[in-house]
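Colleague: Just so you know, the sequences run in chain order Y and S.
Going by this note's numbering, the first residue of the first sequence is number 1, and it counts up by one from there.
Going by this note's numbering, the first residue of the second sequence is number 1001, and it counts up by one from there.
Just so you know, not all the hints are guaranteed correct.
[Said to hold, decoys possible] Only pairs whose alpha carbons sit at most 30 Å apart, straight line, appear in this in silico DSS-like list of lysine-lysine:
#	chain 1	residue 1	chain 2	residue 2
1	S	K1125	Y	K59
2	S	K1133	Y	K59
3	S	K1022	S	K1125
For the record, the hints were derived by calculation from the structure and aren't laboratory data.
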Amino acid sequence: MPATTSQNRQMTLRYFAWIRERIGRSEEVLTLPTQIVTVDDLIAWLRTRGPEYELAFAKPDVIRIAIDHIHAQSSSQIGTAREIGFFPPVTGG
Amino acid sequence: MISVTIQTADFDTSAEIDSATKDNLGIGAVATFIGKVRGEVDGRPLQSMTLEHYPGMTETELTTIAKAAYERFQLSTVRIVHRVGELTPGNNIVLVIATAPHRQDAFDGCAFLMDYLKTRAPFWKKEVTKDGKGQWVDARQSDDVARDRWDEPQQR
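Next comes chain Y alone, as it looks inside the complex (with noise of 0.2 Å):
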């Protein structure tokens, strides 16, 4: 057993475009369970979490993400990580 401590994770989530219109919120701070490791499984817990989740993350693949500012994957692990961003493919400029 490696020598770690398990600890829930304060981690701030930010939500923007259609995604923030469904859940209803912009950001919120979660306490996330020790058994959260990767961006898709924090997607599954958060569709648990009412039926304005489940609308905004109904369709995965067109989720683009951010850890820390910075885009990631859905695979990637969330470590230790301050503030995921969840947002529809970007149409700027």
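Once you've looked at the hints, dock chain S against the given chain Y.
Modeller: Quick look at chain S alone, frame taken from chain Y:
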């Protein structure tokens, strides 16, 4: 020199070009791109367009893109101004200035900057047409194709 600004106000293109070129006599070429709000969406008149972004990440991402262009095309200056908030038809959305000793690097640098900005920078557009319908703009696959051309081996 690299400079990135996110703002609600309009920009002054002439003043921005002056600022990007002053005190640098090595600059022989200035390429600019300005993106504007069109007056209709799929044939329906547009009322307004609202641009949302991810404060903090936007600046980081645009600076990363600017540095990549700066190094790849040996640019003299990169200047990006992107507006957010509610805009109306005819308004400016984005200004990109790339300067270099010679024109090809300025042209290529400017195109590279826009292709990456469109596919990587965290901005989202919501359009409201005059019939009152609001809709988030879908990302275009053609923008990904435009960006991916820069992955091909350079023929320079």
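Colleague: Is the hinted pair K1022/S and K1125/S satisfied, with a Cα-Cα distance of at most 30 Å?
Modeller: violated, 34 Å
Colleague: Between K1133/S and K59/Y, is the straight-line Cα distance small enough, at 30 Å or below?
Modeller: Given pair K1133/S, K59/Y holds - Cα atoms ~23 Å apart, limit 30 Å.
Colleague: Take the C-alpha atoms of K1125/S and K59/Y, compute the straight-line distance between them, and say whether it is at most 30 Å.
Modeller: holds, 20 Å
Figure legend: structure checked against the earlier numbered hints; the only hint not met is number 3.
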